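Here is how the chains run, residue by residue.
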Amino acid sequence: MFGRRGMKLKSSLFALTLVVLLPMVVFSSIVVALLIQHDQNVYRQGANDRVRALMSAVDSELEIDLTTLQALSAVLRKLDPSTWSGTLQEVLASQPEWIALNARRADGSLAAFAHRLPGAGPAVVSMEEGFARAMREGLPVFGPIGQGPSGYRYAVRLPVVESGEVSHVITALVDPARMLRLLRRQAIAAGTVGVVLDGENRFVARTIDPEKWLGQPASESLRAALARASEGWFSGRTVEGLEVYTPYLRSPETGWAVAMGLPASSVEAAGWKYVLLLGAGLAAAIVFALLLARLYGRRISQPLLAVAEAADDLAAGRRPAALPESAIDEVASVARGLAVAAQAVEDRGDAVAREQATLREADRAKDVFLASLSHELRNPLAAITTASHLLKTGGADAETRLQAQEVIDRQATLMTRLVEDLLETSRVAAGKTSLSLQTVDLSEVARDVYVTWRSGGRFDDHPVEFSSAPAWVKADPARMEQILSNLLDNALKFTPPGKPVRIRVWQEAGHAFVRVADGGKGVPAELLASLFEPFVQGATKRGGLGLGLALVKQLVALHGGTVACSSPGPDHGATFLITLPAVEAVQPALWPARSAAESRRLRVLVVEDNEDARRMLSAKLDLEGHHVSEAADGPGAVAVATAVRPDAAIIDIGLPGFDGYELARRLRAASAPGRIRLIALTGHGQPEDRERALAAGFDAHLVKPATADQVGRALAG
Amino acid sequence: MSKPGILLVDNNADFARMLCLALIAEGYATRVALDGRKALAEHRREPAQLLITDLFMPDMDGFELIAAIRRESPDVKIVAVSGDATHMRREYLGDAALAGADATLRKPFTVQALLAAIQGL
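In order, the protein sequences belong to chains A and B. Quick note on this note's numbering: the first sequence kicks off at 1 and runs consecutively. Quick note on this note's numbering: the second sequence kicks off at 1001 and runs consecutively.
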């Protein structure tokens, strides 16, 4: 319906309407033509009927005169002819429209007469032809009209037959005004010419200008028509030259004729009425179609144009204006479709913007990470560089050189761990990590981490509480240690010195839980969502790469678990909760029950000059419930032992002051026999070392590194 | 010219101890503080002539420390050292110079470089 070559919608609609109108016009025209024809027929029929009625009226007027004459003749027959004139006078007086009355003998002589005009002689009215015809045919004769002394009149003649011969002819001369009146009594429309003609086609009466045309011959066309047929319809001109349709009729009884001249204009007007109506209807239909085409064209095209404009806007990347409502479903659905598309474009724009923001954020995080990485590597490098400087300069004493070596070791280890963390994160992220899964008690793994950290002095600044119940999981113990270490590291990093950190491990409803709660400054709400993403860091001056928690999340996920962080608010700390699927505990028999010594609380003195080693051992013993006291050299140990009176002492052999053997002897000497249990812990494991220890008074001799189990058994004795 | 008493501030204890030993070996009387707050307390107890400080430390960072020392002792020479490269498109060592450091060094640096910087003050 839409033009292929840029035709306006309005024009298309108009053309469409016209195409629909065309057959209607054709059929209407046919109907109108039929109607006109029918109407004319009806009109003609009506005119014919009126002509017939007029004819019969004329005929009956003539018959009435004839009947009067017949009655008169019957009377005259009984009277003596000498009295006829008196009778005629009486009869004439009773007939106001009769002008004169006479009776003639067969030879034409007057037998009697009566006249309306006083003193008038017998009328001489075209005697010859009418009288002769009445005589000849023995039948009544009507007309013709002729001029007498008092004007035009027509004759009605009755032959009186006696013994087969016409003896007399009685004649009445009638005023044609009678016919005019009759004509006027007929309902003849104005403008229509009604005429009454005698047998010679002369006017007896005429509705228009009767006096002028009285006795004059009828129009040529009417006479010609009457000559052709005694009844019919023709189109011609009146005597005045008016164009008329004329129905006419000649009476077979009287020979008179009537006709009606219907003006052509009025006859055709009937048809024109329909044509006009049709034309007006058609014009109205076309105007209506135009208006409708315009209106509907606008109703369709305006929303369409708006839609097209919106589509252009959309294509140009502008936000399209609000689309108008259309009452047309199809247009409305196009508009809706476009609105949806616009929304989709906008959404996609938003999504792109969000994606870009995410990318920018990732880019920023990467920048921060690179800067942090630089910082984290430069710091240990600075320490190593300076330590190596000290080693190079000859002036350093042995003590300094030892410290420098330790620093290099420690800082190199730090860097190694950093790099390993980095690689680990990348490996886990790339899915290249393999787990060596075992059924382990998470609480034991956590305990080991706790002991190691505590002995390493990591908890020096914070009170760290540890509580646990068996929680069995299928896990890679090394990874679990890594997870816990990272969480602890994180907790310590964000907790001000003196504030507590709490570790708890337990099992509940098919899940194993590890919770690390710190008393730090908490996690801002906006950071909670991205906390476990790589390179994301809270505000800290302690450095780090922002990898720890990301690694925790990835490793926990590898074990089928989840990690969550909650923080009640600034300075209210943060709590990290790891949830792992719990498994059936491994048969308790496989795990040695705790020895009596382990379950017994002892006062234990640890004597060790290496601070790390001493702390490690103390933490382990403390965790097992023993009361631990420490000393770093021989004289110190004697002092502590005097104060606390330990149940057992674990003694390193190589000590400052005096060595372990000497210490053993002194402690043994100072206490009741069997009162103190002495355990040597040494790097020297030769049989002679062992003998020497036992000789010095030790109850047990352990070689470094000793397992917790060995220490436990040594304490138990 | 007698060698100035140095207060060395760095939260990396290993680094601080090593550098302290190296500076002592070079004849400088050197003390160590592990964060800005301790350093300020130490300086107030016994003023140093030269401050060598890290920038990023817990409990009062290098910027705050530099500002505080500058306020209290305008004559103290200050050397800022940091492992930071451009961080968030900012040159922190440049900022440190603006904040009042007389010289800046990026970690890791050689002891010789530090000595040269000190002598150049």
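The hints are simulated quantities; they were obtained by calculation from the structure and are not laboratory data. Values in this document were obtained by computation on a predicted structure and should not be read as measured data. Careful, some of the hints might be misleading.
[To be verified] From the derived model, a few chain A residues whose C-beta atoms are all more than 10 Å from chain B: (1) GLU325; (2) LEU381; (3) ARG410.
[Claimed, not checked] Each computed DSS-like pair below joins lysine-lysine, with the alpha-carbon atoms no more than 30 Å apart: (4) LYS1038(B) with LYS499(A); (5) LYS521(A) with LYS493(A); (6) LYS392(A) with LYS1003(B); (7) LYS1077(B) with LYS1003(B); (8) LYS493(A) with LYS1038(B); (9) LYS499(A) with LYS521(A); (10) LYS493(A) with LYS366(A); (11) LYS1077(B) with LYS392(A); (12) LYS432(A) with LYS474(A); (13) LYS1077(B) with LYS521(A).
[As the list claims (entries may be wrong)] Every beta carbon over 12 Å from chain A, so not counted as near; a handful from chain B, in silico: (14) ALA1022; (15) GLY1094; (16) ALA1113.
Cβ atoms here follow ideal geometry from the backbone N, Cα and C, with glycine treated the same way.
Do the hints match the structure? See the list:
no.: 1; hint: GLU325; result: holds, 52 Å
no.: 2; hint: LEU381; result: violated, 4 Å
no.: 3; hint: ARG410; result: violated, 6 Å
no.: 4; hint: LYS1038(B) with LYS499(A); result: holds, 19 Å
no.: 5; hint: LYS521(A) with LYS493(A); result: holds, 10 Å
no.: 6; hint: LYS392(A) with LYS1003(B); result: holds, 23 Å
no.: 7; hint: LYS1077(B) with LYS1003(B); result: holds, 12 Å
no.: 8; hint: LYS493(A) with LYS1038(B); result: holds, 19 Å
no.: 9; hint: LYS499(A) with LYS521(A); result: holds, 10 Å
no.: 10; hint: LYS493(A) with LYS366(A); result: holds, 22 Å
no.: 11; hint: LYS1077(B) with LYS392(A); result: holds, 28 Å
no.: 12; hint: LYS432(A) with LYS474(A); result: holds, 19 Å
no.: 13; hint: LYS1077(B) with LYS521(A); result: violated, 35 Å
no.: 14; hint: ALA1022; result: violated, 5 Å
no.: 15; hint: GLY1094; result: holds, 14 Å
no.: 16; hint: ALA1113; result: violated, 10 Å
Violation of the numbered hints given earlier is confined to hints 2, 3, 13, 14, 16; the remaining hints are satisfied by the structure.
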